[in-house]
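**Student:** Input sequences plus hints: build the corresponding full structure.
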Amino acid sequence: MITETAVVTVSIKGLNAQTLSGELSHKIDASDYLIELISPAGTKSIVLTPLNAYRSSYDMIELSLATHAFYGEPSAGTWTLKVTDIDQNTQNRIGHVGEGKLTEWSLKLYGR
336 MITETAVVTV SIKGLNAQTL SGELSHKIDA SDYLIELISP AGTKSIVLTP LNAYRSSYDM
396 IELSLATHAF YGEPSAGTWT LKVTDIDQNT QNRIGHVGEG KLTEWSLKLY GR
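So the number in my numbering is just where the residue sits in the sequence shown, counting from 1, plus 335.
Honestly, the hints are just simulated from the structure, not real lab data.
Glycine is no exception: its CB is placed at the ideal position from the N, C-alpha and C atoms.
Accuracy of the hints is not assured; some may be wrong.
[Claimed, not checked] Ranges of calculated distance between the beta carbons of each label pair, as one might list FRET restraints: (1) T438 with Y406: 26 to 32 Å; (2) I337 with R447: 29 to 35 Å; (3) N351 with G377: 16 to 22 Å; (4) T415 with T438: 17 to 23 Å; (5) E358 with I381: 32 to 38 Å; (6) T438 with S346: 16 to 22 Å.
[Said to hold, decoys possible] Straight-line Cα separation of at most 27 Å, DSS-like style, residue types lysine-lysine; simulated pairs: (7) K348 with K417; (8) K443 with K348; (9) K443 with K379; (10) K417 with K379; (11) K379 with K348; (12) K417 with K443.
**Tutor:** Dropping the structure here:
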């Protein structure tokens with residue numbers, strides 16, 4: 336599992352949507368990954384579900400995911416991204432998400 340954090344200093348009252356974007360070093364099998372986004376308040380949103388998210392032949396190098404799980408929460412604080420590879424053959428590679436490495440990610444927050 337890879338865990339990354341980002342500190343948001345801008346306070347947006349009443350979040351209503353969030354988009355998560357990321358880039359991988361090369362194509363991965365999207366059905367092998369669990370991606371969670373956790374708000375500063377501790378609310379968890381599973382933004383990509385393994386096994387039933389995409390068919391196993393779907394290769395992904397860029398991702399763009401949305402969630403409304405943090406509706407009404409404040410934006411300021413530490414946001415956490417967790418990426419877990421459920422494929423036993425590619426787990427445990429230090430600093431890697433299975434066959435690909437997460438090279439960057441960003442979070443856009445929308446609200447009032």
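**Student:** Kindly indicate which numbered hints from before are broken by the structure, ordering the numbers from low to high.
**Tutor:** Per hint list: 5 and 6 violated.
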